[in-house]
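Trainee: If you read the protein sequences in the order shown, they are chains A and B. Note that the numbering used here has the first sequence beginning at 1, numbered continuously upward. Note that the numbering used here has the second sequence beginning at 1, numbered continuously upward.
These are calculated hints, taken from the structure and not from any lab test.
Under 10 Å between C-beta atoms, here's a sample of chain B residues computed to sit facing chain A:
| no. | residue |
| --- | --- |
| 1 | 16 |
| 2 | 142 |
| 3 | 152 |
| 4 | 164 |
| 5 | 240 |
| 6 | 259 |
| 7 | 262 |
| 8 | 271 |
| 9 | 286 |
Note that the Cβ used here is the ideal one computed from N, Cα and C, for glycine as well.
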Amino acid sequence: MSAHTQDYAPRELDTSLPLPLAEEEAAAPRSRLQRQWSQFRRSKLALPGAVIVIVFILLAIAAPVLAPWDPYENNLMDMLVPPSWAHPFGTDELGRDILSRILYGARLSMVEGLFSVGLAMIVGVPFGMLAAYVGGRTDTVLMRIIDVLLAFPGVLLAIVIVSILGASLINAMIAVAIYTMPIFARLARGSTLSVKQEPYIEACRAVGMTHSRILFRHILPNIASTLWVMAALRVSLAILTASSLSFLGLGAQPPSPEWGAMLATGRNYMLIAPHVALFPGAAIVLLVLGLNLLQDGLRMALDPKMAER
Amino acid sequence: MLTFLVRRLMQLIPVVFGVSLIVFLMIHVIPGDPAQLIAGPDATPEDVEVVRTSLGLDRPLPVQYLSFVGKALTGDLGMSFRTGRPVTEEIGARYGNTLALGLVAMAFGTLVGLAVGIVTAVFRGGWIDNTVLGISLLGISVPPFFLGILLMLLFSVELNWLPLTGMGSWQNFVLPSLTLGIPNVAVIARITRANLVEVLQQDYVRTAQAKGLPGTVVVLRHALRNALIPVVTVVGLQMGYLLGGAVVTETVFAWPGIGRLLIQSISSRDFPMVQASVLMLALTFVLINLISDILYRLVDPRIEIK
Numbered sequence: 001m002s003a004h005t006q007d008y009a010p011r012e013l014d015t016s017l018p019l020p021l022a023e024e025e026a027a028a029p030r031s032r033l034q035r036q037w038s039q040f041r042r043s044k045l046a047l048p049g050a051v052i053v054i055v056f057i058l059l060a061i062a063a064p065v066l067a068p069w070d071p072y073e074n075n076l077m078d079m080l081v082p083p084s085w086a087h088p089f090g091t092d093e094l095g096r097d098i099l100s101r102i103l104y105g106a107r108l109s110m111v112e113g114l115f116s117v118g119l120a121m122i123v124g125v126p127f128g129m130l131a132a133y134v135g136g137r138t139d140t141v142l143m144r145i146i147d148v149l150l151a152f153p154g155v156l157l158a159i160v161i162v163s164i165l166g167a168s169l170i171n172a173m174i175a176v177a178i179y180t181m182p183i184f185a186r187l188a189r190g191s192t193l194s195v196k197q198e199p200y201i202e203a204c205r206a207v208g209m210t211h212s213r214i215l216f217r218h219i220l221p222n223i224a225s226t227l228w229v230m231a232a233l234r235v236s237l238a239i240l241t242a243s244s245l246s247f248l249g250l251g252a253q254p255p256s257p258e259w260g261a262m263l264a265t266g267r268n269y270m271l272i273a274p275h276v277a278l279f280p281g282a283a284i285v286l287l288v289l290g291l292n293l294l295q296d297g298l299r300m301a302l303d304p305k306m307a308e309r
Numbered sequence: 001m002l003t004f005l006v007r008r009l010m011q012l013i014p015v016v017f018g019v020s021l022i023v024f025l026m027i028h029v030i031p032g033d034p035a036q037l038i039a040g041p042d043a044t045p046e047d048v049e050v051v052r053t054s055l056g057l058d059r060p061l062p063v064q065y066l067s068f069v070g071k072a073l074t075g076d077l078g079m080s081f082r083t084g085r086p087v088t089e090e091i092g093a094r095y096g097n098t099l100a101l102g103l104v105a106m107a108f109g110t111l112v113g114l115a116v117g118i119v120t121a122v123f124r125g126g127w128i129d130n131t132v133l134g135i136s137l138l139g140i141s142v143p144p145f146f147l148g149i150l151l152m153l154l155f156s157v158e159l160n161w162l163p164l165t166g167m168g169s170w171q172n173f174v175l176p177s178l179t180l181g182i183p184n185v186a187v188i189a190r191i192t193r194a195n196l197v198e199v200l201q202q203d204y205v206r207t208a209q210a211k212g213l214p215g216t217v218v219v220l221r222h223a224l225r226n227a228l229i230p231v232v233t234v235v236g237l238q239m240g241y242l243l244g245g246a247v248v249t250e251t252v253f254a255w256p257g258i259g260r261l262l263i264q265s266i267s268s269r270d271f272p273m274v275q276a277s278v279l280m281l282a283l284t285f286v287l288i289n290l291i292s293d294i295l296y297r298l299v300d301p302r303i304e305i306k
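For reference, chain B alone in the conformation it holds in the complex:
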């Protein structure tokens, strides 16, 4: 396990390096002069030069990159062009909101997905199975921004049960996490069903049935345990896609998270904020992948540690 951990952490180094390099280069590859961009459209050439030297934008790129990483490690990701305050303040305030939404959506997607997967595997080939298959095909075909609008139209506009946008009470969580979680239900249900069907055909399950154990015990205690192993990886991967999907969902529901901040910052050309949001989302994803890899090794002792 220790060798695996070390090896896995070593693999992270080039990835984190690459991600930070891309994020750093963002501000340098956009058309136009970064110093001019920071100084603002009305700045005089002298002002631009002052900005350039004070921020070190006249130094060679590798030096600038090292200083960017050095500052980032101490929690300094620059000042927002828009507010003039450190970007980490705003990021910190919103990061939790994105994470909370992601976790609620994930919990919903996993629980419902598992339940649906189990039911369809047990009644495979029957009408329940086919109906669910049809619905899940529809589920993955609806773009999240449209799903969000449909849910708003139904539950907020027509039925007036739930608030339209914003964040405050638990009711605000319902529609965004449904929007984010429904595609996950389809994915997790499919993978659970496929694995459970395979496990249910194995000899030890037949033995369990033959010795007269009730069906629920066979399925839930014997078969499900082994069927769950690949699901763990998928749940980890899906959490990553939730982070990406959060950008769209947060925009639809005006959710004060990092995703919406990112889109707002792109349109107001607030590049330090864009850099910081992208960096946070990507690093969170890398971390989640690491955790799900470790969990995968923990739940399945059969996996060889190479």
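Next up, chain A with everything else stripped away, as it sits in the complex:
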């Protein structure tokens, strides 16, 4: 998914670049990338958001190097120890180092966000594009399926799917993907409908292009920026949903250092050792906040409607 949309993005870039204009106004940002960067910077909070997200990505990658302890190693002599020099975030009910577990948990959160949203896009985007492009009865039938999926409030659809598949992290991620899919299907359908009206699509058809070529090489690049903005928003929601499922016992199972699962056990020790719940919770809030801030900047940079303002 990400591979082919990225392949086509530069193609569209070249055609839309107003070359003569760039020479006339030397002061104005020249390349599309620079223009997008200056749009991105218009959101004051986007850069701090990007920094938070990048730090989390680095922490996740370097977890084995940075973690002072083994995240799975029990130490029954050091149970529920409050934060100290040896254990900066304290230890949990089995004496495991919470800092190390949070670092390893960052990897799980990254996977949760990227896998769920990636899968949702791979299924949802072609689904919606096809509905809009073919139209007629196909559109009606496909959209009724989407309506049914959207008839389950909030995380309920994800809960239904996990209860069928069984509780595990991978099933929780599949459930979040299915729960996210209708949003991409609807968005792709709406965007495709408006692009479909454009004269250049008619021109494509007139020169005898195949439908799949029109869909993937001419329509997809033009709706891609809208889809990416939504993807950025949905990654943070996917992380929240997957960790909610883990919190409910329907996702990652012990001894996995998933943040939601850690919070669920931490809740049991709230009265005697609140740090067990507080640190994983703070990690989720910080990562999701960073993603939300970053998303605001991405919307400014990529959403054509925002650029006009």
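Model the placement of chain B on the given structure of chain A, informed by the hints.
Mentor: Below, chain B without anything else, positioned relative to chain A:
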């Protein structure tokens, strides 16, 4: 209006059909034999066969689906595996608790959200606006299960003002409805602010100001009315998300509602109870969407009835 109502109700048919089909299929797509599941792990093969024929599990799936729908329409959603009593009894006892929590949270979220939205729209760009924006960004970044735990730690453990869990007095409502309602405050405040800012720039508002009406009258009587129209839809949609969020909040606060029942039933593999809880929550959501659509048409006469 009548054509709209008929059309809207017709749209419900495929949705309700799809939802009931998914709920029905749940018990058939889980790994393992439903008859074995109902008979229990210790049942002999003969017992399993008795269960299979007595519950009609040997009939073709479409026939089973029709009988499932037929029974559901008469209020029979099967027996709980755990208690052996009709699931509707337990659902009925808990449905009201979920609804009560949802409504209190919604009322809180809407009232505070509207107030915050109005204040930030009037003082847009100022420090109040920016502070509120920051807080609301934080508000939507805190997962409800963590928010619930934080509120418990602060108000129940540290300050000892409010009860930790359970249900009984009005004090039990405070923390769960805050947990459920705070994300709504952020959403409703944002949409109110965005719409009010747009309306405040319109000519008729300037006319109202020019003829010397006090600011509060202009904002509350003239501008707010038109700004509220899109908010109605959002409130309806948010009510749906409250139902979903109730699952998490009820688990955190041990609230005896359908959401907690659902999670408990999943872990005890009490599938009829799972089916009934999911069905009730989904149908309630569909109904709320219907009502908010109708309200939307009622408050905004400009909308064409297609």
